[in-house]
Each structure stands twice: as C-alpha cells, then as structure tokens.
Amino acid sequence: MQINERFNYDIVIMGAGLAGLSAALTVAEQHPDLSVAVLSKVHPVRSHSGAAQGGINAAVAADDKWEDHYYDTLKGGWFLGDQDAVRILTEQAPQAIYNLDRWGAHFDRDEHGHFAQRPFGGQRRNRTCYVADKTGHALLNTLYEQAVRLNVDVFDEWFVFDLIHHGDEFLGLLAFANKTGTIGYFAAKTCLLATGGAGRIYGQSSNALINTGDGMALALRAGAALKDIEFFQIHPTGLPNGILITEGARGEGGYLINKDGERFMKKYAPQFMELAPRDLVARSIQREINEGRGFDDGCVRLDLRHLGAEKIKSKLPQIREIAMYFAGVDPIEQPIPVRPTVHYTMGGIDVDINCAAPIKGLFAAGETACVSVHGANRLGGNSLLDAMVFGIRSGETIPAYLHAADGPDRTGEEALLEAAMDRFNALFGDDGEDVPTLRREMERIMVASFGLFRNQALMEKGLAEMSALHRRYADVRVKSTDLVFNPELIRALELGFMLEVAHACALAAVDRRESRGSHYRDDFPTMDNAQFLRHSLVTRDAQGTLTLAYRDVTVTDTKPLDEIKY
Amino acid sequence: MKGRFNIFRKRAGESEPYRQEFEVELFPGMTLLDVFHAIQAEQDPSFAYRYSCRGAICGSCAVRINGTAALACKTQALPLAEQGTVHVDPLGNMPTVKDLVADLDTFWEAYDSVRPYLERAGETHDEVFFWADKLDAKQLDQLSRAVDCIKCASCFSDCPKRAEDENFIGPQASVQLFKFFVDPRDDLHSMRRDAAASPGGVVDCDSHANCVKVCPKDVRPLRAINFVKKELSVTQE
Ligand SMILES: Cc1cc2nc3c(=O)[nH]c(=O)nc-3n(C[C@H](O)[C@H](O)[C@H](O)COP(=O)(O)OP(=O)(O)OC[C@H]3O[C@@H](n4cnc5c(N)ncnc54)[C@H](O)[C@@H]3O)c2cc1C
Ligand code: SF4
Ligand code: FES
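Chains Z and Y, in that order, give the protein sequences.
According to the numbering used here, the first sequence is numbered sequentially starting from 107.
According to the numbering used here, the second sequence is numbered sequentially starting from -9.
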C-alpha cells in the first residue's frame, strides 16, 4: 500500500473533541488566513467529550473568585499540578464559558438569568456550569455547529496511524479514510494532538471504546515524554459494565450504601460524605467491597430513592435512562449497583503552558496532554474545562509560533515517509499474535497490578508481564488488507498505541514510592513531598526502550501541603 | 443461551450483498453491540460496524434490528434473541459502505443544508439571560429535546417521506432547524422561515411519525416540525 493523496496545511489537528474543535474555532475566528485541517477517527459529534454529563467548572458567579477555584484545584490534585498552569486554567475559565455561550450552548440559568451552578466534589462552593445532565454532549454539538459555520476542513472517519518527524521537528501525519480506503499524507507546519484519554487500557472503564491513547503513543514514539502517566483517576461509581454514573447523582444528594444499609462514607470523610474527592470515595467503596460489605454482585449501592421521582426525572434524566438500559434498574424504585471504574487520564503528553511539546511544531491539548493542571487527581468538572481552556489557548499559541518560526526543513521527508509506509505494510500478514487475546491480557494486568490499591510486589510483577506482552505485539498481523472500515486493522493499531501507554504507566508507577491522589500504595501510604513533589517523565528511544526521569513541580505562590485532608 | 443473528453483509467495492448467520453465547446484560464485538473478536475479524461510546450518547451504532432502526448499544440482546433469530441490517434510505456501516453523506448534507448553527451578530455572550421570558414552556421542552439529538440517523433511515422524496431534508435536519428557529439569540430567522417553507423543507413532512417511534433519545422530531409549521401558518394568515 502507498500514499494516494497529499495535503498541505499550516495546522493539522488530530482529534475533534472539545479540545480539538475549540482550537480549530479559535484559529478560524482569529486567524482566517491560516489553513487548518481537523482529523478524527469518528465523526466529531461521536467524540468522547459527548459522554461528559455533570458539567464544567468556572468562577463565573459574582461572589466567586478564580483564586478559590485555583486553590481547590491545587489541593484536589495533591499539589502535583504546576501552579502557573493551574492559574491559567482557573483564570481563563470564565472566558471559556462565555465563548461557549456565545457559540450557542444552552447552559442552564438560575432564576436571575445567571449561569446556574451545581456542587461537585472537592470544591468549597457550587462552581459547575451545566446543560442538564448532558453537558459534554451539548457543548460538543455546539462546537461542531460552529465548525460548520466557519467552514473548518473536517476529515471525519480518518484514522491517523503515524506521525512523521525529522529529529525534533514535526513534518506531518499519515492517515487513512475509513470510507474510501485512501491513504493521505497531511504535511503541515504544526500539529495539535487532541486525542483524548487512554482509559481503555483497563478492562473496567467508563471511557468510550475509542479512548485508546493514540496521540500519546504517537508523541512518545516521536520522542516526546509522557508526564505523570501513572495517574489514572478511577471514578467511584460505574455500573457493572463500566458505564459511568456521574458525580451529579451524588451532587444532587444520592447516598452510598453498603450491604448493611450503612452510609459508609461517614467513616472515611465525615464532613464531605458522598461529595469527598473521587479517589477517596473510590477507595472507600473498594475497601467496603474488599472487606466483604459489598453486595453479592461485587458492587455497593447508590441510592437516589429519597430524592423522589420528580427530582430524579427533572435533574437526572440521563442517569435514570442509563441505569435502566445498561443495568436494568430504575433508580426511582431501586438503588443502582455501582463499583469503581477507570475514568480519567491525568497524565499525558508533556507540554508547557503554551501547549508546546519539545518537538518543534508539535502541540497537545485536552485529556491527551499534561500541562499539568490536574496533578495527581482531577476535580470533577475540570477536564471539560482543561479541554476548552487549553484548546482555545493552543488556538492562540500555534498562530504565534507560526508567525515566529519558519516552516520545517523537508529534506529527507520522502525517505521518512517510505520507512513509515514500510512499517505500516509490515503489519499485514497471515499468521501472527491474536489482537483480542493480547488486549484482554493487557486489561487484566492493568486492573490487577495498577488499580486502586498498588504495591511494590504487585507492580513489579505487572511491569514484567507488560514488557513481555509488549514484545509479543511485534508479531501481531492483520489478515484483511482492505482499508475500508477494517475493524481488525483499527483494533490492531489501537492495541499498539495502548501498549505504549500501559507500559509507560507501569514503569512510572513502580518507581513512585509514595501515595498521592489516584496513585495509592498500601506499602507507602503517605505522600512524600521531599522526594516526590516531582513529575515523572517517561521517554522512549528508537528501539522501544523506556526511560524514566523526573522534573520538579512548578510552585509559584502556594506552599504545597504535606497532607491532604477533607 | 445461544442467540442466532442473521446479519446483512457487504464487502467494500464488491457489489453483491449477502446474509450470514452467526451464533453467539449470550449473557444477561449483554447488548447487541456486545454481540457485534463478540462476532468480530471470535468469528470474523473483518465484520464492520460503527461504535464509540457504547452508552447511547454518541449516535454511532444505529442499525436496523428486525427491520426497525435502533441503537445496538441500547438494545439488550437476550430478550430479543429469546423471541427468535434476530435480523440486523444497516440503516435505510442510504447506500451501504460495508456490512452494517451506512454511508451517512446524504444525512449530513441535509444537516448542513439548514445552516445548523447559531448565527448572531453580537460577538458577546449573555451575562444575564431569561429563556423563560422569550419561549413558552412547550417550546422550551422541545428545545431541550432538540439539544438531546445524537445524530444517529435512525429517524432519517426510517422516514417514509424521505424514502419517496430525496429532496425532503428528513426529521433530524428539521429538528436542527427548529433548534435555531426558536432561539431568540439567532439572527437568521427570516432565512430559516424561507428554508422551512421551500420545497424539501420542513413543510413537506407528511406526518408519518415514524421518527417519533424510532428516536432513541425521545427527541420527537414531528413535534418540532409541527411547531415550525404552526408558526409559518400563523404569520401567513
Ligand atoms: C463518562 C464520562 C463523563 C465525564 N464527565 C465529565 C464532566 O462532567 N465534567 C468534566 O469536566 N469532564 C468529564 N469527563 C471527562 C471529559 O469528558 C474528557 O476529559 C474530555 O471530554 C476530553 O476531551 P478531549 O477533547 O481532550 O478528547 P475527546 O473528546 O476524547 O476527543 C478525542 C478525539 O481524538 C480523535 N482521535 C483519537 N485517536 C485518533 C486517531 N488515531 N486518528 C484520528 N482521530 C483520533 C477522536 O476521534 C476524537 O475526536 C467525563 C468523562 C467520561 C468518561
Ligand atoms: S432525532 Fe432522534 S432518531 Fe433522529 S438523529 Fe436525532 S437522536 Fe437520532
Ligand atoms: S456506541 Fe454510541 S450510541 Fe451506541
């Protein structure tokens, strides 16, 4: 197979969720002279951003201050977030909301016509703007509508499979069109990776099936680092099949109950109860289950019945629907079975506060990036915000970069493309490792060794297993050579991406000998600022060997606490 | 139990579609999308279908199940298979690319044709906004339903009017038009009125109401269509 079509752009954006689309809109509005292409492996409105229910945080209320949002975010992230980055996130948050409103989003309003705000975990006041319980869906569709208005070049159902770079200079992306099977080379001066999270490396996950860390793996292979990739937020409440029951349900007053009928959060977080930060709630639920106080199905219960039919129907219609269709339970009549489910990738591509990676012309924003704002644990409602604020910001910093820099030196580009196509073609063949088998093995290792409770022995075993599994991937072969909607090929490529991320996670996790946020070790149960107030950075050499390094957290004005209590 | 699934197959490029039966071991809680995954992983790795969220919010996985459009991820497989062989086809009113993957180009063309976005001259947001002052309760309710639309194309697939008239924009695009037709912030009101009243526009709907039945998000496209029709007729008189 060979390249059939070539394109040239100033900016190519990989990903059409909130981050990718808000970047594209910002460039289209402010720099209509720049050419932009947006590539997405699914139609933009099918992106995972659409699954977000609860809302998006911003200090928009007259009596709220971004400084409070800033502090809540730092504390929620166990002070692993860089303070300059968190400042940008929280200070720019209202502007992101105003942009969305201007673009047509239907935010709920209070009786005075101001943005309505609901409470979300880990924050000292109501700060979460929302569109009923379909916030992500509504915002994603609004952004796509505006992309149509501004005539953005969207290549939907194009799957990016390789990133071409010359040393530390970005050159372009290789992708195929699912509908036609065309292979396209998108030569561009700059690239924004906005490919979302990698939650699918775990078997039990709330993430869409397409959240396979593609952009992270491409950046890692190109020489960028994955930062803090050992931190995966595990959401306390997923249905038995992983589908999320949002924090909104607890925000509206839902109770968590064990099999003895006890509201067990009173033992773990008496002040905040069910609204304590997610990692704490998740571990509390897991502990109840591990210690035999779960129900027979291995879950605890989320009880909404006391809210009454009317409130459930008006405030939480989507949650009710999800429980009915995916667990066969109507929360008006029965409590919902829930257990922890992997939810959010705090770590990601190492970028600076301008979204720039160390590779010239390469940028990243949204869940795939780690600026870092979420630190060791993301607050609910801060990730749609991250995608919006840094999506918009990259839409400003990339044009600034283009203004200052010359285009890349393209000598040697053809040879690089040839090598990339050889790699791609080598994936096809008759006998090889089976993708579903390897994938199940990866999911098993991640859940068993890198889940809610981690320790040295478990993780060392997991790391060894993951290295071995990663080596086996070299023998994966795809039988069908037809590129039109070829699920075998797509799943094979995605597995390759996921293994890079999973392997990096394993390496960084073993070495972090402390407990911080989502990274909880029973052998090192406390946080250790003296040694680990640092970002982990995993890089990969051309042979595939991973290396771990550290960088100090940026502290500007707020002294990190040595202990996090709520 | 083992379920039987009779599935429409078509290879890309090759013209002749055919049908194939698969037997799949079913567990309680398994959805039809899980059945597709099982077929792809264990029986035919080349079996093609769309998916993303597996939670009925992205609109990828609509297919025809026993002749009617629905989301595979929102359909429990066990109760269905207990009633006999399950027939699965790609969405209708559109060509098929491969297996269960419909070619949605005409669906998105209809969407694009209604200028599916808010157009407002003022560049600022609304610091204070009173929806309730400008829209009545029924309109507000229908607007919220329009926001719910996940663009799954089930309504487009099963619309009898679209089947006989390719110019008709179909239920989803009508809902999309309605969304901004009633939006007090929008500046394209008169253009939207003209579009709704022109051939192939909202007024051409024959009220079969299939869209209301098949919609997985209870958007009720016909209701949105009737709102628009009513407002057009009121101001014409
Ligand atoms: C169930 C659920 C509920 C949530 N609720 C909330 C909430 O209430 N509040 C909140 O703040 N956050 C929430 N989150 C998190 C939030 O939704 C995400 O962090 C955010 O939407 C990520 O946006 P993004 O733009 O970075 O990525 P995504 O929306 O995931 O978009 C990724 C894009 O990359 C594209 N892509 C990926 N790989 C490729 C490839 N190989 N080739 C081409 N394109 C590719 C995809 O097609 C897609 O367009 C929730 C998450 C989940 C799982
Ligand atoms: S109106 Fe309903 S059936 Fe039609 S596209 Fe929207 S969600 Fe699907
Ligand atoms: S997979 Fe998203 S709606 Fe079914």
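Any given hint might turn out to be false.
[Stated by the list, open to error] No farther apart than 27 Å at their CA atoms in a straight line, the calculated lysine-lysine pairs in the DSS-like style are these:
#1 Lys124/Y x Lys421/Z
#2 Lys203/Y x Lys128/Y
#3 Lys0/Y x Lys285/Z
#4 Lys0/Y x Lys124/Y
#5 Lys421/Z x Lys151/Y
#6 Lys151/Y x Lys203/Y
#7 Lys419/Z x Lys203/Y
Honestly, the hints are just simulated from the structure, not real lab data.
Keep in mind that this is a model prediction, so the values were computed, not measured.
Going down the list of hints, with the structure as the test:
| no. | hint | result |
| --- | --- | --- |
| 1 | Lys124/Y x Lys421/Z | 22 Å, holds |
| 2 | Lys203/Y x Lys128/Y | 20 Å, holds |
| 3 | Lys0/Y x Lys285/Z | 14 Å, holds |
| 4 | Lys0/Y x Lys124/Y | 50 Å, violated |
| 5 | Lys421/Z x Lys151/Y | 36 Å, violated |
| 6 | Lys151/Y x Lys203/Y | 15 Å, holds |
| 7 | Lys419/Z x Lys203/Y | 21 Å, holds |
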